[in-house]
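S.K.: What follows is the residue order along each chain.
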Amino acid sequence: MQKAAILEKCGFFIKIGRYKMEKTGAEIILQTLKEEGTEVIFGYPGANTLPIHDRLMESPIKHYLMRHEQAAAHAADGYARATGKVGVCLSTSGPGATNMVTGIATAYMDSTPLIALTGQVTTNLLGSDAFQETDIIGITMPITKHSFLLNDVEEVESTLKEAFELARSGRPGPVLVDMPRDVLTASCKLDSKSNNGQRSKKQHTSPKEKLEQIKQIATYLNRAERPIIIIGGGVKLGKACTQLSELIKKGRIPFVTTMMGIGSIDSSNGFNLGFIGTHGNELANSTIHHSDFILAVGTRFSDRSTSNIEEFAPLATIAQIDIDPTSIGKNIKVDLQLISDIREAITEMIPLVEKKERPEWFQRINKERELSEKRGSREGCGPAGKLISMIQDVMPEKTTAVADVGLNQIWTVRSWQPKTPRGLITCGGMGTMGFSVPAAIGAKIGVQNQEVVAFSGDGGFYMNIQELATISYYNLPVKIVVFNNGNLGMIRQLQDLFYGARFNACELGNKVDMVMVAKGFGIDAGRVSVNDPESGIEKMRKTDGPYLLEVMVDPDTYVFPLIPPGLSNIEMIYRRSD
Amino acid sequence: MNGEEHLISMLVNNKPGVLSRVAGVFGRLGYNIESLCVAATTDPEISKITLVSKSNSDSTERTKKQLEKLVDVVEVTELGQIQSVQRELILIGIKLQQEHRAEIARAVDIFGCKIISMKSDYYILEVVDNKEKIETVLNYFAPLGIEEIARTGVIALQKDK
Ligand SMILES: Cc1ncc(C[n+]2csc(CCOP(=O)(O)OP(=O)(O)O)c2C)c(N)n1
Numbered sequence: 009m010q011k012a013a014i015l016e017k018c019g020f021f022i023k024i025g026r027y028k029m030e031k032t033g034a035e036i037i038l039q040t041l042k043e044e045g046t047e048v049i050f051g052y053p054g055a056n057t058l059p060i061h062d063r064l065m066e067s068p069i070k071h072y073l074m075r076h077e078q079a080a081a082h083a084a085d086g087y088a089r090a091t092g093k094v095g096v097c098l099s100t101s102g103p104g105a106t107n108m109v110t111g112i113a114t115a116y117m118d119s120t121p122l123i124a125l126t127g128q129v130t131t132n133l134l135g136s137d138a139f140q141e142t143d144i145i146g147i148t149m150p151i152t153k154h155s156f157l158l159n160d161v162e163e164v165e166s167t168l169k170e171a172f173e174l175a176r177s178g179r180p181g182p183v184l185v186d187m188p189r190d191v192l193t194a195s196c197k198l199d200s201k202s203n204n205g206q207r208s209k210k211q212h213t214s215p216k217e218k219l220e221q222i223k224q225i226a227t228y229l230n231r232a233e234r235p236i237i238i239i240g241g242g243v244k245l246g247k248a249c250t251q252l253s254e255l256i257k258k259g260r261i262p263f264v265t266t267m268m269g270i271g272s273i274d275s276s277n278g279f280n281l282g283f284i285g286t287h288g289n290e291l292a293n294s295t296i297h298h299s300d301f302i303l304a305v306g307t308r309f310s311d312r313s314t315s316n317i318e319e320f321a322p323l324a325t326i327a328q329i330d331i332d333p334t335s336i337g338k339n340i341k342v343d344l345q346l347i348s349d350i351r352e353a354i355t356e357m358i359p360l361v362e363k364k365e366r367p368e369w370f371q372r373i374n375k376e377r378e379l380s381e382k383r384g385s386r387e388g389c390g391p392a393g394k395l396i397s398m399i400q401d402v403m404p405e406k407t408t409a410v411a412d413v414g415l416n417q418i419w420t421v422r423s424w425q426p427k428t429p430r431g432l433i434t435c436g437g438m439g440t441m442g443f444s445v446p447a448a449i450g451a452k453i454g455v456q457n458q459e460v461v462a463f464s465g466d467g468g469f470y471m472n473i474q475e476l477a478t479i480s481y482y483n484l485p486v487k488i489v490v491f492n493n494g495n496l497g498m499i500r501q502l503q504d505l506f507y508g509a510r511f512n513a514c515e516l517g518n519k520v521d522m523v524m525v526a527k528g529f530g531i532d533a534g535r536v537s538v539n540d541p542e543s544g545i546e547k548m549r550k551t552d553g554p555y556l557l558e559v560m561v562d563p564d565t566y567v568f569p570l571i572p573p574g575l576s577n578i579e580m581i582y583r584r585s586d
Numbered sequence: 028m029n030g031e032e033h034l035i036s037m038l039v040n041n042k043p044g045v046l047s048r049v050a051g052v053f054g055r056l057g058y059n060i061e062s063l064c065v066a067a068t069t070d071p072e073i074s075k076i077t078l079v080s081k082s083n084s085d086s087t088e089r090t091k092k093q094l095e096k097l098v099d100v101v102e103v104t105e106l107g108q109i110q111s112v113q114r115e116l117i118l119i120g121i122k123l124q125q126e127h128r129a130e131i132a133r134a135v136d137i138f139g140c141k142i143i144s145m146k147s148d149y150y151i152l153e154v155v156d157n158k159e160k161i162e163t164v165l166n167y168f169a170p171l172g173i174e175e176i177a178r179t180g181v182i183a184l185q186k187d188k
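Keeping their order, the protein sequence lines are chains H and X.
First residue of the first sequence: 9, per my numbering; consecutive thereafter.
First residue of the second sequence: 28, per my numbering; consecutive thereafter.
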């Protein structure tokens, strides 16, 4: 017994005699993860997570060792976005946990279902400022859906199950589970104590009330002369794409998306007017502005989509459907509301929507389309946009693109035409530079039979450049396209347009040889000019393993049109001199 | 912080960390919490939080939404003046000066305060009433030399349920 106690203290596990029936906290965690469908964990170890890493050797769950905990969270996020499953990331306590914060916040803003497991010092040391102790629950409170501290090994299983339930139910989001080391090494019989709390809320609308609201929204929709649907990220999360597509076709209703909603419905069916907001399509923005009825589905009307809310869609009656009651009417006052699972709501609405041709509305939209094309709104992504389309043309249809942040993000989301709802991954809510490479790692691991291309700017690329090591170590065939303009391009554009071209703190310079850097990490790479990219694209396409394509771009290549801060959705500017 | 006072009543799970999550919402939006009362309800798993904070109406809506997002918050209600009864308890310690003795006795009578401790020259009075009345009492006693006060903050119940 004494020996057993000593061994246990050192993190060893005894599987003899009476211990046989019992499981340690670490084992319970891994078993529960497996039961919840977890196949991979993106993580980074520390002394406080070693009990888990040790047991992982016997688990069917595959652990990917990332090179930074922020990247572990982004990878789990990318995995979740690409697959629709819950992503799992793991870090040690203290610095490991704080490194994950940006990744957790990114997942929170875009409602990605994520379980963040963090190591913690032993319970008797909590609050003693012990080595590598951090109040990660306190730090992440505003950026998780919920967080748990595992106090007792008996609660591990039920807590973890609840964490999964929370992460994927309702409006999904990240849930953090803080795991003191002694809880990981303590043991108990599985399933011994349930964690009973009243976590379900009493905000459910009755089915009858719901049906009334659905009928009412359908009536408005049928009556409207200039209706439009706004599709937010919630439509993908709620797996309602097919249903919504059916409703759109039946009622012949044009739609726009938010940035997060891009790809929800096959882009090329004629009803898609593009995405709205600051960097959105002119046609989408102007059509919203002139519509008389808006059905908003799975969007919270972020300020990026609405621009100046006072002037947003001044003529429209607005109906909003969302599963998250707190998203309804939060940013924009709505006239009709429905708190519901989106798929259920739309399915019930389809038979109530009339078949209608709406010739006048489409005529007007088509005229606007021609006008905006004349104004040059399509060329706004310049040669970079063309290059992105060229890459899409040579890649298999189901390729997933992952955008970073900056000009490159806008170029990507405006030029890549996703063929499946999950065909374009981008972090809309946080705008986290450095997202694309680690998220692409997660996406690739999630959808191994599909190609994944990450697009990034040089600034964003440097932010998680260490993940090239992960890519080459696991030989993950991820393609990376870095637009190198030697600058923080989007910052440069803002300074150019709104700060009298007084450029400061935006030049990164051209001293780095990215091709050599990539090769140094063990990844094949090539360099092309954005105006003459064919050979590079072909080489990338032909390479079986990972490949980095550095694309040289003129720093004055910006993105147009855009809505200057504070203006309304129809006050776009088209060029530098506007 | 400008704005009117808003009285918010919440049912929350009686668990560690819940109060700091709730308070965190106000801190994040830059609103001060003017008063806060928390205790378990008849169901020991559920606590009631009564909270007064200053903000304008729009942002109160936003605050409520953020509170409702919290997993451990079961229900959030904003209570108006009309639909609720409100009470606060305050203890007032007063150094007694002989010339004020009669006046204090009279005030205790008028305001319905209770003297709950009386040492040779130090009184402690208890007042239970709504906020307005409590302010009146405080204003009255202020010139007589209040040494110390402790107040619970407002608790409230909806008049009809
Ligand atoms: C982590 C982080 N830091 C700062 C910013 C602010 N920011 C937004 S875009 C941008 C410039 C991006 O530059 P780069 O990655 O080179 O891409 P480009 O705009 O040139 O395509 C910056 C600094 C951010 N979004 N994220």
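To be clear, the hints were calculated from the coordinates, so they are not data collected in a lab.
None of these values were measured; they are calculated from a predicted model.
Be aware that one or more of the hints could be misleading.
[Stated by the list, open to error] In silico lysine to any residue, SDA-like type, Cα no more than 20 Å apart, as pairs:
id, chain 1, residue 1, chain 2, residue 2
1, H, Lys547, H, Val525
2, X, Lys188, H, His71
3, X, Lys96, H, Ile358
4, H, Lys247, H, Pro150
5, H, Lys341, X, Ser86
6, X, Lys96, H, Lys547
S.K.: Evaluate each hint against the coordinates.
M.R.: Status of the hints after comparison with the structure:
no. : hint                : result
1   : H:Lys547 x H:Val525 : 18 Å, holds
2   : X:Lys188 x H:His71  : 54 Å, violated
3   : X:Lys96 x H:Ile358  : 30 Å, violated
4   : H:Lys247 x H:Pro150 : 26 Å, violated
5   : H:Lys341 x X:Ser86  : 13 Å, holds
6   : X:Lys96 x H:Lys547  : 49 Å, violated
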